[in-house]
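A.B. asks: Each chain, letter by letter, is given below.
Number of protein chains: 2
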Amino acid sequence: MKITIFGLGLIGGSVARDLKERKFADYIYGVETNPENAGIALKMKIVDEIVGTAEGIDNADLIIITTPVDATISILPKILDRVTTQTVTDMGSTKERIVERVKLHKNRKNFVAGHPMAGTEFSGPAASLSGLFEKKTTILCNIEDSNEEAIGIVRKMYAVLNMNVVEMSATSHDVHVAYVSHISHISSFALALTVMDIEKDEKNIFNLASGGFESTVRLAKSSADTWTPIFMQNNNNVLTALNNYIDKLQELKIFIKEHRVAEMHGVIKKSNRIREILNK
Amino acid sequence: MKITIFGLGLIGGSVARDLKERKFADYIYGVETNPENAGIALKMKIVDEIVGTAEGIDNADLIIITTPVDATISILPKILDRVTTQTVTDMGSTKERIVERVKLHKNRKNFVAGHPMAGTEFSGPAASLSGLFEKKTTILCNIEDSNEEAIGIVRKMYAVLNMNVVEMSATSHDVHVAYVSHISHISSFALALTVMDIEKDEKNIFNLASGGFESTVRLAKSSADTWTPIFMQNNNNVLTALNNYIDKLQELKIFIKEHRVAEMHGVIKKSNRIREILNK
Numbered sequence: 004m005k006i007t008i009f010g011l012g013l014i015g016g017s018v019a020r021d022l023k024e025r026k027f028a029d030y031i032y033g034v035e036t037n038p039e040n041a042g043i044a045l046k047m048k049i050v051d052e053i054v055g056t057a058e059g060i061d062n063a064d065l066i067i068i069t070t071p072v073d074a075t076i077s078i079l080p081k082i083l084d085r086v087t088t089q090t091v092t093d094m095g096s097t098k099e100r101i102v103e104r105v106k107l108h109k110n111r112k113n114f115v116a117g118h119p120m121a122g123t124e125f126s127g128p129a130a131s132l133s134g135l136f137e138k139k140t141t142i143l144c145n146i147e148d149s150n151e152e153a154i155g156i157v158r159k160m161y162a163v164l165n166m167n168v169v170e171m172s173a174t175s176h177d178v179h180v181a182y183v184s185h186i187s188h189i190s191s192f193a194l195a196l197t198v199m200d201i202e203k204d205e206k207n208i209f210n211l212a213s214g215g216f217e218s219t220v221r222l223a224k225s226s227a228d229t230w231t232p233i234f235m236q237n238n239n240n241v242l243t244a245l246n247n248y249i250d251k252l253q254e255l256k257i258f259i260k261e262h263r264v265a266e267m268h269g270v271i272k273k274s275n276r277i278r279e280i281l282n283k
Numbered sequence: 004m005k006i007t008i009f010g011l012g013l014i015g016g017s018v019a020r021d022l023k024e025r026k027f028a029d030y031i032y033g034v035e036t037n038p039e040n041a042g043i044a045l046k047m048k049i050v051d052e053i054v055g056t057a058e059g060i061d062n063a064d065l066i067i068i069t070t071p072v073d074a075t076i077s078i079l080p081k082i083l084d085r086v087t088t089q090t091v092t093d094m095g096s097t098k099e100r101i102v103e104r105v106k107l108h109k110n111r112k113n114f115v116a117g118h119p120m121a122g123t124e125f126s127g128p129a130a131s132l133s134g135l136f137e138k139k140t141t142i143l144c145n146i147e148d149s150n151e152e153a154i155g156i157v158r159k160m161y162a163v164l165n166m167n168v169v170e171m172s173a174t175s176h177d178v179h180v181a182y183v184s185h186i187s188h189i190s191s192f193a194l195a196l197t198v199m200d201i202e203k204d205e206k207n208i209f210n211l212a213s214g215g216f217e218s219t220v221r222l223a224k225s226s227a228d229t230w231t232p233i234f235m236q237n238n239n240n241v242l243t244a245l246n247n248y249i250d251k252l253q254e255l256k257i258f259i260k261e262h263r264v265a266e267m268h269g270v271i272k273k274s275n276r277i278r279e280i281l282n283k
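Top to bottom, those sequences are chains A and B.
Residues in the first sequence are numbered consecutively from 4, following the working numbering.
Residues in the second sequence are numbered consecutively from 4, following the working numbering.
Derived from the structure by calculation, the hints contain no laboratory data.
A few of these clues could be false.
Identical chains share a label here; the pair holds if one copy fits it or two copies do between them.
Taking lysine-lysine pairs in the PhoX-like style, the calculated list, with each CA pair at most 25 Å apart, reads [what the hints assert, rightly or not]:
no.	residue 1	residue 2
1	K272	K203
2	K273	K260
3	K5	K26
4	K272	K106
Work out the full structure: start from the sequences and follow the hints.
C.D. replies: Set out below in structure tokens:
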């Protein structure tokens, strides 16, 4: 199968590696607007060839969009304008705005909206990893709007990536990821900013980071290009989630302020339940 | 050297392992009020013998307190009441209340206040690890109130644990850890609670956790017995840090709400600086 990947970053690069190594792809075209990333992807043999948009579309059996979600909104309709029999899928962290954008497109059925839940805090093709998706979950949204053939090809691709496929509406997807992924990132960005504002001596941050800070702040290393449009596209759900999170922080603050030891102990115990949930 | 460890949890157990393996300790006595943990520590040969408080004090050259910080406040004066030439140190995550408690004690000079910045989200002697402290930083506080001999023994112990020693006042320590350690934990507890409140279907949390949630929420697995008294003892600094953190979240919220893309991008870029700071 010939595959074109739009956007050769962490996700696009990692997908390319696995699909090539596992022989799902015979030949991979890359479309990449950043010449530096295009050069790295070619040099690392992540893709076989860098091509322009039209050639990328025309030559492929399967087109995978792994750009930041603002770029996806803008290029997806253009790709669908030009496809004939090709399957198109995306891997963006928001889904509602993306499916909304092409809802009435004549080739909507060629498109399958997806979101593999995998990543690291790094970005760019040099950060791509083999096996990044292994045994994790991917979400396919609104598949009633896609044709059988396209769904079949995308499912096959995720089987090759060894991912567990879950189906969901784009609306539900965006609510769930606001809580489970998007506010995790915001809490981490805010924590990094707070600590850097206060701790003028960076040596102290470095020295004391093993007290828990390092893991909570890991996501604060994530790309601004990737995350800014995610928050903007999923703004309503993210704002609701963020309000709930701030309310919870205020509640804990009151327990500390009023020395309500038993209640503080109780909520920490309750939060410990996350261990069982994550080990399920 | 004969060592007595009060409190055989994650930290006490891990200290015992390294000091024994590295021949700094010839014999380790454990004092532990929880009979289950005492049994595990003995069975795992983390300590050579479980003894009562008086015997633990009388038999030791060095006494290490690794209990939750509320227990430290209560047993430290009793231990100092009874010591003659023994060195006493603690490893608690708060320092100001602890040094304040024994400020006027006749044997204050036998005590060295310490805080090795190391740990995991797990607790109890079964969670103890060899090499937990390796190449991390430990903080010694108000050492002008300790005698030379005691400081020498504690420094030697941290050299054996292969830790980098930093000196600081107890007051500064408590401010720094409020930012770099304590609010990390609060942000994580609050995130776990928020997500569990909203996501009634735990299967969704589990499926979507690799979207960043898993690492941000790791600390939410931490012990309520350990963390409740830390927050209560360091309440003023923690409340200030928490207010700053909530202000930062409110700022990000406004950027999202008002679709201020450039400003959101700018603060994420700024928070990315944490990568360089942590890699120093």
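A.B. asks: Checking each numbered hint in turn, tell me which of them this model violates, lowest number first.
C.D. replies: 4
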